[in-house]
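A.B. asks: Listed below, chain by chain, are the residues.
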Amino acid sequence: NAGVTQTPKFRVLKTGQSMTLLCAQDMNHEYMYWYRQDPGMGLRLIHYSVGEGTTAKGEVPDGYNVSRLKKQNFLLGLESAAPSQTSVYFCASSRTGTGVEAFFGQGTRLTVV
Amino acid sequence: EDQVTQSPEALRLQEGESSSLNCSYTVSGLRGLFWYRQDPGKGPEFLFTLYSAGEEKEKERLKATLTKKESFLHITAPKPEDSATYLCAVNSGNTPLVFGKGTRLSVIA
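If you read the protein sequences in the order shown, they are chains L and S.
To convert, note that position 89 of the first sequence is 89 in our numbering; the numbers rise steadily by one, no gaps.
To convert, note that position 53 of the second sequence is 53 in our numbering; the numbers rise steadily by one, no gaps.
Worth flagging that the hints you see were computed from the coordinates, not collected in a lab.
Quick caveat: nothing in here was measured; it's all calculated off a predicted structure.
By construction, the Cβ of each residue, glycine as well, lies at the ideal position given by its N, Cα and C atoms.
It is possible that some hints are incorrect.
Unchecked claim - Straight line, CA to CA, 25 Å or less: simulated BS3-like cross-link-like pairs of lysine-lysine:
no., chain 1, residue 1, chain 2, residue 2
1, S, LYS69, S, LYS59
2, S, LYS59, L, LYS57
3, L, LYS14, L, LYS70
4, S, LYS42, S, LYS68
5, L, LYS9, S, LYS63
6, S, LYS79, S, LYS57
7, L, LYS14, L, LYS71
8, L, LYS9, S, LYS42
9, S, LYS101, S, LYS68
Stated by the list, open to error - Partial list, derived from the structure: chain S residues whose beta carbon lies under 7 Å from chain L:
no., residue
10, LEU30
11, ARG31
12, ARG37
13, THR49
14, LYS68
15, PHE72
16, ALA84
17, PHE99
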């Protein structure tokens, strides 16, 4: 049982380049999330989705876009990467949005130079 | 706005030295308080969910408790393999999990 899988695990980008991070879950969960984790800042929510075809902004959405075309996949895009987007990105999923735990992927370490 | 504050930021224990981690929260209508463990270079791993004041849950050397304002993660006779960052998160209504900054625990043999 793979759970939540993130691709890629590591990436180095130059300022201004674009990229897409892929998250896939095999638990048939409705809700999916993208968080970023920075030293001293904890996990902060970027965007989330309450079901296929829906997305919503989190705490730190600027500079990112997302899409949920299929229930099992949640994509995070950076259109023009900036050094401030250097971070570790985590995808998570949960069965519902209330009172249940979220399951996390292993993370993507992104460096923007 | 939901808020979570964890203390201490870092804790260093000798093997066998029991202690507690604190998670204070402010939330309108708690639907769940969650504890996670995170090892370096990995994603958070779910430990416990608590729903109401007075509730307790245990797993091996860990016990989580909940009051109306805070939660404690008690670690009894810790071992070096318990070294990790412990994260607390809250959920209210349909708002996604809001996390604290974590407590980095080191257990020295």
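A.B. asks: Now look at each hint and say whether the structure bears it out.
C.D. replies: Here is what the structure says about each hint:
Using a Cα cut-off of 25 Å, the hinted pair LYS69(S) and LYS59(S) holds, with the two alpha carbons roughly 22 Å apart. About 35 Å separates the Cα atoms of LYS59(S) and LYS57(L), which puts this hinted pair outside 25 Å; it is violated. For a cut-off of 25 Å, the pair hint linking LYS14(L) to LYS70(L) is broken: about 30 Å separates their Cα positions. Between LYS42(S) and LYS68(S) the CA atoms are separated by roughly 31 Å; this puts the pair beyond 25 Å, and the hint is violated.
Of the supplied pair hints, the one linking LYS9(L) and LYS63(S) is violated, its CA atoms being roughly 33 Å apart against a limit of 25 Å. Annotation: proposed proximity of LYS79(S) to LYS57(S) holds, straight-line Cα distance about 19 Å (limit 25 Å). Proposed proximity of LYS14(L) and LYS71(L) is contradicted: the alpha carbons are some 31 Å apart, above 25 Å. Restraint check: the Cα-Cα separation between LYS9(L) and LYS42(S) comes to about 11 Å, which is no more than 25 Å; the hinted pair holds.
In summary, the hint linking LYS101(S) to LYS68(S) is supported, as the alpha carbons are separated by about 20 Å, within the 25 Å threshold. With a cut of 7 Å, the hint placing LEU30(S) at the interface with chain L is violated, because the nearest CB-to-CB distance is about 9 Å. The criterion of a C-beta within 7 Å of any C-beta in chain L is met by ARG31(S), whose closest approach is roughly 4 Å, and the hint holds. Checking ARG37(S) against chain L: minimum C-beta separation of about 11 Å lies over 7 Å; hint violated.
With its C-beta approaching chain L no nearer than about 6 Å, THR49(S) sits inside the 7 Å limit, and its interface hint holds. With 7 Å as the threshold, the beta carbon of LYS68(S) stays out of range of chain L, its nearest partner Cβ sitting at about 17 Å, so the hint is violated. Contact between PHE72(S) and chain L, as hinted, is not supported at the beta carbon level, the nearest pair being about 19 Å apart and thus beyond 7 Å. Checking ALA84(S) against chain L by beta carbon gives a least distance of about 14 Å; that is not within 7 Å, so the hint is violated.
The beta carbon of PHE99(S) is positioned within 7 Å of a beta carbon in chain L (closest approach about 4 Å), and the interface hint is therefore held.
Against the hints set out earlier in the document, violations occur for numbers 2, 3, 4, 5, 7, 10, 12, 14, 15 and 16.
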